[in-house]
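A.B. asks: Each chain, written out:
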Amino acid sequence: MKKLDTYADMRAVYADTLIEIAKDDDKVVVMDADLMAANGTKGFKDAYPDRMINAGVAEANMVGVAAGLASQGFIPFASTFGCFAARRAYDQFFLSANYAKQNVKLVGSDPGVTAQFNGGTHMPFCDITLMRVIPNLVVLDPCDTVSLHKLTKAIYEYKGPVYMRLHRKGATTIYKDDQEFEIGKGVVIKDGTDVTLIANGLVMVTEAIKAEKALAAEGISAAVIDMHTIKPLDEALVAEYAKKTGAIVTCENGQKIGGLGGAVSEYLSENMPTLMKRVAVDDVFGEVGTQDYLQERFGLTSEKIVEAAKSLVKK
Amino acid sequence: MEAEKRTFLEQKAKEIRVLTIDEVGYLGVGHIGGAMSVVDILTVLYYSKMNVDPKNPKMETRDKLVVSKGHSGPALYAVLADKGFFPKEWLHTLNHGGTNLPSHCDMNRTPGIDFTTGSLGQGSSAAMGIALADKMKGNDVNTYLIIGDGESQEGQIWEAAMFGAHYKLGNLIAFTDYNKMQIDGETADVMGIDDITTKWNGFGWHVQRIDGHNVVEIERAITNAQQVTERPSMIVCDTIKGKGFAPGEGKVGSHSMAFTYETAKEAIALLQGEK
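Protein sequences, first through last, are from chains A and B. Counting from 1, one number per residue, gives the positions in the first sequence under the numbering used here. Counting from 1001, one number per residue, gives the positions in the second sequence under the numbering used here.
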């Protein structure tokens, strides 16, 4: 692989990581549904043409075939846009992969507002919520090149179904190469004492880091946590920072109902009620626009995070 | 097929029907119609064609079967019990809490089940994946798939059909249990699927149409399909829903039917009295 901070697109990190994994394991196969070029998996095809299975525009069948392959010991990584992964193939992923306990890795690209010009039909705000209710499923939203690379390796090592979001276009590198990642363990990017910003995914971890700086300028000490795994939730880390800062703001590029904020508030309300705000899409459908426009439109900005944080700290 | 083998398979099919009626009757309710219609197909597969080992149900080089119409589970359980995959006593636990034999096939509960099914259409894609896996590994074995006629209304069946033809899954042999009935009535009235052989032909499959209760025809059709290496095969089997269970035979209501154990015993006596 190239140095991780030199990648222009996250999808290329994903593809190159799969190529690296596949080199030592001939059971790794990659599937896509006519989006190989879009998702970067074309790169895998060039490296391992016999292990790239294009299912055509038939996502439900792709996930079912993946489950069948997994039942015979293969480890399929199947990708498509998040809207199709989460909705079009939901029953297949729910039953043939999860209920049947098959080792299928389903990757949904273009999370939330990053679907941009593809608009409301293609804008997955709902994927995390839908995936969270599948028993035992691991649900991830990595935020940068290093975490995507390491978490892709981690889900390969993990035996069982996984749903991972893939931010495909553009890239950012937040972490140093030696940062370790573990499924189910959040990462404290910045420590703080007044409020905790729990974010995930490239868009909202980026905004949370910006918000932390703005809050610091106003004398508010914010901790920033990258909660790359929504399920299983790192409850210990949530509890630690709820206790330490007494205020939590969750930041996610998706539906407010049942997502990261939902997971954190479910845990806290039962175990240690804590002041909270959720910065997320407020129960509406997506629409077309640039990412900047859409972030403003749906309130996924550092300003909104700052506003939420200050509303809690004041109390 | 020599007469001796034919007699053996026909006798075995009858035994499986008896076990299936007893199994469902003991519980008092179940998908007897769609179970009885696939018995002859299952019998030829498990007692003539498939290479499986009851002592080693996960044997790598076994032939595999996906019963995508998962509600036919009770007939398959009767076969697997008879083959020795698990004790026959299990058949009386069908659908009891904690059972290893649920209504719909579950690979994680029942030894010998190759894939979990129940939501119609899904087993078809899984079977494509299994056949592709064996092809990629170079295993010279077959994957068999049984789908229903009502199930053929699911779009996923046709997504999988395209996939099987595109990836030249010559090791996949499928059956349509064409009993012409589904829950809400006759298939032709609810949502017609004809001309079903033309449809499969159009999807690039090798297609045969046979009497799905004739063991000689089933055996011959499978043998023919095994010679086809570059295309998957569909064997459309004309069958009768509830075949061999007198109170439900040929009746739409046999899809899921409640009946007493007494009725089951009477039906079994009737079946065994037949020549």
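Because the hints were derived from the structure by calculation, they are not lab data. In this text, all values refer to a predicted model and were calculated from it rather than measured experimentally. Wrong hints could be hidden among the right ones.
Some chain B residues close to chain A (C-beta under 8 Å, calculated; not the full set) [what the hints assert, rightly or not]: (1) TYR1026; (2) ASN1108; (3) ILE1130; (4) ASN1214.
With a Cα cut of at most 30 Å, we get these calculated DSS-like pairs of lysine-lysine [as the list claims (entries may be wrong)]: (5) A/LYS101 <-> B/LYS1005; (6) A/LYS231 <-> A/LYS169; (7) A/LYS101 <-> B/LYS1135; (8) A/LYS27 <-> A/LYS210.
We put the beta carbon where it would ideally sit given N, CA and C, even for glycine.
A.B. asks: Please go over all the hints and tell whether each is borne out by the structure.
C.D. replies: Cross-check of the supplied hints:
Among the interface hints, the one on B/TYR1026 is violated; its C-beta lies about 27 Å from the nearest C-beta in chain A, farther than the 8 Å criterion. The beta carbon of B/ASN1108 comes within 6 Å of a beta carbon in chain A, closer than 8 Å, and the hint placing it at the interface holds. Below 8 Å, beta-carbon pairs count as interface contacts, and B/ILE1130 has one with chain A at about 4 Å; its hint therefore holds. A cut of 8 Å between beta carbons decides the hint on B/ASN1214: the least distance to chain A is about 30 Å, and the hint is violated.
Of the pairs offered as hints, the one joining A/LYS101 and B/LYS1005 is violated, with about 39 Å between alpha carbons and a cut-off of 30 Å exceeded. Between A/LYS231 and A/LYS169, the direct Cα distance comes to roughly 25 Å. Compliance with the 30 Å bound is thereby established for this hinted pair. For the hint linking A/LYS101 to B/LYS1135, the alpha-carbon distance of about 23 Å falls within 30 Å, and the restraint holds. Taking the CA atoms of A/LYS27 and A/LYS210, the gap is near 42 Å; set against the 30 Å cutoff, the hint is violated.
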